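One letter stands for each residue in the lines below.
2 protein chains.
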Amino acid sequence: MDTAKNYINEELSGEKELLLKKYKEFREMDLSLDLSRGKPCAAQLELSSELLSLPGKDDYLSEEGIDCRNYDTDLRGLTEVRRLFGEMLEVPADNIVLGGNASLALLHDALTRAFLFGPLPGFTPWCKYDKIKFICPVPGYDWHFHVLEQLGVEMISVKTGPAGPDPEEIRELAKDPAVKGIICVPKYGNPSGITYSEELVRTLAEMETAAPDFRIFWDNAYCIHHLYDEPDKQDQLANIFDLAAAAGHEDRVLIFASTSKVTFPGAGISCMAASEANIQEMLRIRKYRLVNYDKLNYLRHIRFLPDMEAVTEHMRKQAALLRPKFEYIDEVLTRELKPLGYGDWNTPRGGYFICYYAPKGCAKRIVRLCKEMGVTLTPAGAAYPHDHDPDDSAIRLAPSFADMEDIPLVMDVFVTAVKLAVAEKES
Amino acid sequence: MDTAKNYINEELSGEKELLLKKYKEFREMDLSLDLSRGKPCAAQLELSSELLSLPGKDDYLSEEGIDCRNYDTDLRGLTEVRRLFGEMLEVPADNIVLGGNASLALLHDALTRAFLFGPLPGFTPWCKYDKIKFICPVPGYDWHFHVLEQLGVEMISVKTGPAGPDPEEIRELAKDPAVKGIICVPKYGNPSGITYSEELVRTLAEMETAAPDFRIFWDNAYCIHHLYDEPDKQDQLANIFDLAAAAGHEDRVLIFASTSKVTFPGAGISCMAASEANIQEMLRIRKYRLVNYDKLNYLRHIRFLPDMEAVTEHMRKQAALLRPKFEYIDEVLTRELKPLGYGDWNTPRGGYFICYYAPKGCAKRIVRLCKEMGVTLTPAGAAYPHDHDPDDSAIRLAPSFADMEDIPLVMDVFVTAVKLAVAEKES
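Protein chains in written order, with the working numbering: chain A, 731 to 1157; chain B, 731 to 1157.
In short, the hints are calculated from the structure, not lab data. There could be a bad hint or two in this list.
No distinction is drawn between identical chains; accordingly, a pair holds when it is met within one copy or between any pair of copies.
Once the Cα atoms are required to be at most 27 Å apart in a straight line, the calculated DSSO-like pairs of lysine-lysine come out as [unchecked claim]:
{"id": "1", "residue 1": "Lys1017", "residue 2": "Lys858"}
{"id": "2", "residue 1": "Lys1017", "residue 2": "Lys1101"}
{"id": "3", "residue 1": "Lys1017", "residue 2": "Lys861"}
{"id": "4", "residue 1": "Lys1017", "residue 2": "Lys1094"}
{"id": "5", "residue 1": "Lys889", "residue 2": "Lys861"}
These numbers come from a predicted model, not from an experiment.
Can you build the whole structure from these sequences, using the hints too?
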């Protein structure tokens, strides 16, 4: 912040006037732009247009001859789709159970089951405890925190560093028997953009936990969502499923994924990967909740993306649409804010978000100023339990939904807001 | 049973020999026929073949211009589909929330929410009670009972008469504050085939309940599943939604329905109808579980069945396929068993089931004998809490899935099994 202070002291009045002029101009433009949601844009959706008329007349049989139109007793979902998710997550197809159009719902259901019945037979239902706690790496996915908040879980924030939260800190926290789990997006994190280091993954899989029913909710939402053909070595996520099994902790890990940002966010398919015991327990409860999720949508997807090669090719097209947005944002931040030392940000090589860390105490003001100028951002603090960022610093930028031609304007607004907020604070 | 006894006493030995001969012949035929599941047959599924290529290329906008491929913030589902379900259930579209492919899942979620959070804000979560009880009209839908059993609910069986369970009995039971609800299929019941009388519906809507958070889980799965164009007056189900609202009990009723037996069982759409307060509470929790269910499947369905006229026409075609099976079964039972006084059964004018009440103590044996002859029936007792039919009498016949040409053979086996079981018992 030294640089920023010097700059402000010397040039503030002239610069601030200029910023206020820009602010007024933007207000007069009556903009309505949105960088708040990790939502694919129309061009991304067009990539999956074929799905709209699939599986097609007379096509309703799975490779095992299951009539996907009817009820069926195979509770796990179609083999060919489980095989594909298995390849995606590097987990045996036998350890995959399919879900509906939202992996978040599978995660929510797993939590609900743990509360009502215990994570596995023999464990106390979590609703019977006065208090349970979860480790919550921050910044994190706001929806995760809302779910835990509704269930009355005490959330322990752990700061995400350049390779995820500190393994030692997590190891220490897990010594508390009330700490029943961790919830996280381990790859191209939402919104951190960070991929967890092998050391961290290993720690999570292998560490001792005071709670015998400790669970890792591994929301691998961006597992194949690379922005570049050659992912950095540090973006290669270690295989927690294998590591946990090798350590004798195979029941500890629940992995979630979906095609929400592969095909259609509203109409994709999802899965959970877990140990056989966890799957058995899931199905014990779920079989009286529904016979099957929509098997025709499984079929539709496997016709469109029959194997990993097709998936990879498809994700390359997605990346080609997303990458310029990410690169442009990084370029503007680097040019406009780096020389001033105004905040910090990640340069993710995948996922859906850039996390900008504003100078402390400025995030709310920046989001507010952007809103006044017609650009909606995710509310400041949303990436923290109870919507409270103690540093008031993190701002999630979600560029996917905006048109590429609008991004320069959005970033002009954003940079103006950052500079104004800092100037206000320092004056 | 007097008739049966006389018959057996006089003619048993010769008749039994004949039956045993038939039994052996059936066994040698190595049959594999199934009357156990309320599952549409292939010809019924063919009626909805169009769905397999809908909504079709470039068709993804709802009537309000929502892009059904993407996330969307309207948590209730598409207006045009809510309107259609509203007409089906005679409930305002505003009181309809859409679900995924299974109404059972919506029912399960509503129960789960009541257990974890209470049915509405301010009520004690049901998991905090030592014991809660539900009124369970029997015979009833086995899946309902399994859900309640898993949640530890004490189930109070109430016998279904020709117009549903006795209103007075229910009124009495509701005086116990531990009785938190009733779960039922009020129209063309599963498996009773019974439609509830207006008096009963009125009682449920209007009666005083000791529990202020008493809930009616109204699984209206067969609301439009008539076998005849002109439904009997007694099959006209009174409108519990309006009656409850008029009595000031609008929060008491949760209505569930789906297209599982309209279009595709595995890939249909579902809804819950409820008061605004119930819907608000549902969405308060659900919005962090998933953004939307599959909106493209809503669109697909509304393209195929755009209005009630289309639905009615479609259900007529379904009825044309189902009716002969129901009528044939009734004919055989009437010809073969009625003169002997062997049991009793309903003659439903809609729904998916015929419930045959065997002479007491014979149901398990009949199902077993059928199985030995190659015909699978729903296990005896399944329609009762904890799979226990105290009379060992009710047998659910579900003729939809079998081919019409197989039904004569199936019924020959069934009648043989009934006669044999009675003969064994009386000998």
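Outcome of the hint check:
1. When the C-alpha separation of Lys1017 and Lys858 is checked against a cutoff of 27 Å, the pair qualifies both within a copy, at 24 Å, and between copies, at 25 Å.
2. In the homo-oligomer, the alpha carbons of Lys1017 and Lys1101 lie at most 27 Å apart only across protomers (24 Å), although the nearest pairing inside one protomer, at 46 Å, exceeds that limit.
3. Proximity of Lys1017 to Lys861 under the C-alpha cut-off of 27 Å is restricted to the inter-copy arrangement: shortest distance 24 Å between copies versus 29 Å within a copy.
4. Taking the shortest alpha-carbon separations for Lys1017 and Lys1094, only the inter-copy value of 24 Å comes in at or below 27 Å, while the best intra-copy value is 45 Å.
5. For a Cα distance limit of 27 Å, the shortest separation of Lys889 from Lys861 inside one copy, 22 Å, qualifies, whereas the shortest one across copies, 43 Å, does not.
This entry satisfies every hint, going by the numbered hints stated previously.
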